[in-house]
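Protein chains in written order, with the UniProt record's numbering: chain A, 1 to 335; chain B, 1 to 335.
A portion of the hints provided could be inaccurate.
For identical chains, the list gives no copy identity; a pair is met inside one copy or between any two copies.
[Claimed, not checked] Straight line, CA to CA, 25 Å or less: simulated PhoX-like cross-link-like pairs of lysine-lysine: (1) Lys288 <-> Lys67; (2) Lys13 <-> Lys291; (3) Lys184 <-> Lys171; (4) Lys246 <-> Lys2; (5) Lys291 <-> Lys149; (6) Lys13 <-> Lys288; (7) Lys46 <-> Lys246; (8) Lys184 <-> Lys13.
These are calculated hints, taken from the structure and not from any lab test. No experiment lies behind these values; they were computed from the predicted model shown.
Chain residues, written in single-letter form:
There are 2 protein chains.
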Amino acid sequence: MKKIINKPENYVKEMLEGLYIAHPDLITYTADDLHCLVTANKREGKVGLATGGGSGHLPLFLGYVGKGMLDGCSVGDVFQSPSAEQMLAVTKAIDSGAGVLYIYGNYNGDIFNFDMAAEMADFEENIQVLSVVAGDDVASAGPSAPGEKSTRRGVAGIFFVFKCAGAAADKMLPLEEVKRIAEKAAANVRTMGVALTPCTVPRVGKPGFSIGEDEMEIGMGIHGEAGIRHGKIEPADQITDEMLDKIITDLPYTAGNEVDVLVNGLGATPLDEQYIVTRRISMYLAEKNIKVHRFYVGEYATAIEMAGISISVLKLDAELKALMEAPACTPFFRQ
Amino acid sequence: MKKIINKPENYVKEMLEGLYIAHPDLITYTADDLHCLVTANKREGKVGLATGGGSGHLPLFLGYVGKGMLDGCSVGDVFQSPSAEQMLAVTKAIDSGAGVLYIYGNYNGDIFNFDMAAEMADFEENIQVLSVVAGDDVASAGPSAPGEKSTRRGVAGIFFVFKCAGAAADKMLPLEEVKRIAEKAAANVRTMGVALTPCTVPRVGKPGFSIGEDEMEIGMGIHGEAGIRHGKIEPADQITDEMLDKIITDLPYTAGNEVDVLVNGLGATPLDEQYIVTRRISMYLAEKNIKVHRFYVGEYATAIEMAGISISVLKLDAELKALMEAPACTPFFRQ
Numbered sequence: 001m002k003k004i005i006n007k008p009e010n011y012v013k014e015m016l017e018g019l020y021i022a023h024p025d026l027i028t029y030t031a032d033d034l035h036c037l038v039t040a041n042k043r044e045g046k047v048g049l050a051t052g053g054g055s056g057h058l059p060l061f062l063g064y065v066g067k068g069m070l071d072g073c074s075v076g077d078v079f080q081s082p083s084a085e086q087m088l089a090v091t092k093a094i095d096s097g098a099g100v101l102y103i104y105g106n107y108n109g110d111i112f113n114f115d116m117a118a119e120m121a122d123f124e125e126n127i128q129v130l131s132v133v134a135g136d137d138v139a140s141a142g143p144s145a146p147g148e149k150s151t152r153r154g155v156a157g158i159f160f161v162f163k164c165a166g167a168a169a170d171k172m173l174p175l176e177e178v179k180r181i182a183e184k185a186a187a188n189v190r191t192m193g194v195a196l197t198p199c200t201v202p203r204v205g206k207p208g209f210s211i212g213e214d215e216m217e218i219g220m221g222i223h224g225e226a227g228i229r230h231g232k233i234e235p236a237d238q239i240t241d242e243m244l245d246k247i248i249t250d251l252p253y254t255a256g257n258e259v260d261v262l263v264n265g266l267g268a269t270p271l272d273e274q275y276i277v278t279r280r281i282s283m284y285l286a287e288k289n290i291k292v293h294r295f296y297v298g299e300y301a302t303a304i305e306m307a308g309i310s311i312s313v314l315k316l317d318a319e320l321k322a323l324m325e326a327p328a329c330t331p332f333f334r335q
Numbered sequence: 001m002k003k004i005i006n007k008p009e010n011y012v013k014e015m016l017e018g019l020y021i022a023h024p025d026l027i028t029y030t031a032d033d034l035h036c037l038v039t040a041n042k043r044e045g046k047v048g049l050a051t052g053g054g055s056g057h058l059p060l061f062l063g064y065v066g067k068g069m070l071d072g073c074s075v076g077d078v079f080q081s082p083s084a085e086q087m088l089a090v091t092k093a094i095d096s097g098a099g100v101l102y103i104y105g106n107y108n109g110d111i112f113n114f115d116m117a118a119e120m121a122d123f124e125e126n127i128q129v130l131s132v133v134a135g136d137d138v139a140s141a142g143p144s145a146p147g148e149k150s151t152r153r154g155v156a157g158i159f160f161v162f163k164c165a166g167a168a169a170d171k172m173l174p175l176e177e178v179k180r181i182a183e184k185a186a187a188n189v190r191t192m193g194v195a196l197t198p199c200t201v202p203r204v205g206k207p208g209f210s211i212g213e214d215e216m217e218i219g220m221g222i223h224g225e226a227g228i229r230h231g232k233i234e235p236a237d238q239i240t241d242e243m244l245d246k247i248i249t250d251l252p253y254t255a256g257n258e259v260d261v262l263v264n265g266l267g268a269t270p271l272d273e274q275y276i277v278t279r280r281i282s283m284y285l286a287e288k289n290i291k292v293h294r295f296y297v298g299e300y301a302t303a304i305e306m307a308g309i310s311i312s313v314l315k316l317d318a319e320l321k322a323l324m325e326a327p328a329c330t331p332f333f334r335q
């Protein structure tokens, strides 16, 4: 895919410079490092929420820093984890005495670096850090046994975890409570995606894999991780049904449940197609007697310029529903 | 480009069904016709604002119907004008006695149908309709002589016209005043785009034109209309400068001016690249001593899945600035 960029090695730096220029009312950076993004509206006494991860997924991760959601984000190079030092700098900047909760996707590099950052924050800075690792992608691994660590990747569904935890922190709840809520949201969200085209990391300059001219890959990850089925492109309704079958039976979501649904474009797929999928999801869930509280449609977590869509479903209870409805104002999400 | 769709002939119908499902609090339709989209929150006594145009440009046009912006939109098939009857149905539904203002892009099919709708509204329904036709694309034709009709196409800059006129109507200003403001915004906005890839109309099933593997087309229209220069892809900064040179000298925008800037993705181009362009625009305008009041970055007006970007600049005065800052809540734009 052709790109409007300067030198590939400056891709993330220049993207970040543009972001700070465009959103000075919402975000800034700390430690003289563009990769250490923090809110411009720190609230004293509030639990700090931090995330982090590789670039190439805008608006994920950094785009959800703002009022009612996250307080900081360490930003890595494309598809690469930021360093422990960068996460520590973010942690120090956003802590205001109430502790910090990390919420991030289940990737080894991130876990390694952010665990180290949490330890440094504790030992060197006396900041209490707790962590919630989100793994919502049902295509990436089977469900984990009770008490076992999930091996599922974190994908677009983390938006729901950010939103619920962000609203909880905004209510000035204590760290343990915010963590409980983040874990509850993470435990109740499932995601699955389909990719039609690969994506190109700017420094690499060519796609890391290929998908045939008339083919799709169901369950592909947001870095191009292999999916669960490769085949001819099918009609949107059929693709949607296949993804929902996997999602719905996994938690499971059952008749009488109420859910929020995120229909997420992976990059190059137009909104029109996302709404065509929305229509089918609505029909599918109605048939299962699962009630949709609200649809979120648009690009919430991308894979650079990959064509494709993911569907995330969050099972609601009264607590999560109220948190999802709370106001938020970030560069990429407002309600 | 591969698509997640069902039958191509149902593309717009199913997209619209998905939209109404996702945004029941903001939009609905009239005349039993999905193509006649109107606000779900009609305000009595307010001037009604209607737009219309072909599909394939989401969030343009219909995505800006909501509080503080537009009241209705007639929706055509992909890249095709809606009918006069559809625009008339929208007009009837949104009029509440204060008259209706049409704001739409400068395309012959739309002008023909919407002029007819305006006449029918006047003669048959006794609704006063005025029209503002936006033509902001500096690449599409030279500037028009005073008093002469512009032959420039309307593109992403119409967002600014919607926003200013919408805020004016929201202040309960009378029809003539809302029209004056829409005309003022339209007169002070200029846009230029660059395309890297073509787009595919679903019914046609293949791209309507091609752009070479390492080439771009500067000035291409949002339906693939020929641009002003075809050439090898250049670095983002150079492309940005070339587009800004044309935009800035056209109005012209001069030292001391204050502007709002829209950096618009045409479909397949990631936000990262839009921010890289934002960065350069900021540097370019600072050098010219033109002050940016606010950047808007994202997909505001697309050409299905075209890769590319457009830049729109709105020259502000105190009146337009206040209107741009007013709140709005639509499916695709909130502030």
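Checked hints:
For the homomeric pair Lys288 and Lys67, neither the shortest alpha-carbon distance inside one copy (36 Å) nor that between copies (34 Å) is at most 25 Å. In this assembly of identical chains, Lys13 and Lys291 lie within 25 Å of each other by CA distance solely across copies; the values are 23 Å between and 43 Å within a copy. In this assembly of identical chains, the alpha carbons of Lys184 and Lys171 lie at most 25 Å apart only when taken from the same copy (17 Å versus 44 Å across copies). Within a single copy, Lys246 and Lys2 get their C-alpha atoms only as close as 34 Å, which misses the 25 Å cut-off; across copies the closest is 23 Å, which meets it.
Neither within a single protomer nor between protomers do Lys291 and Lys149 lie at most 25 Å apart by alpha-carbon distance, with minima of 30 Å and 52 Å respectively. In this homomeric assembly, Lys13 and Lys288 come within 25 Å of each other (Cα to Cα) only across copies, at 24 Å, whereas the closest approach inside a single copy is 47 Å. Taking the shortest Cα distances, Lys46 and Lys246 never come within 25 Å of each other, neither inside one copy (38 Å) nor across copies (48 Å). Taking identical chains as interchangeable, the C-alpha atoms of Lys184 and Lys13 are never at most 25 Å apart, the minima being 35 Å within one chain and 37 Å between chains.
Hint compliance for this structure: hints 1, 5, 7 and 8 are not met, and every other hint is.
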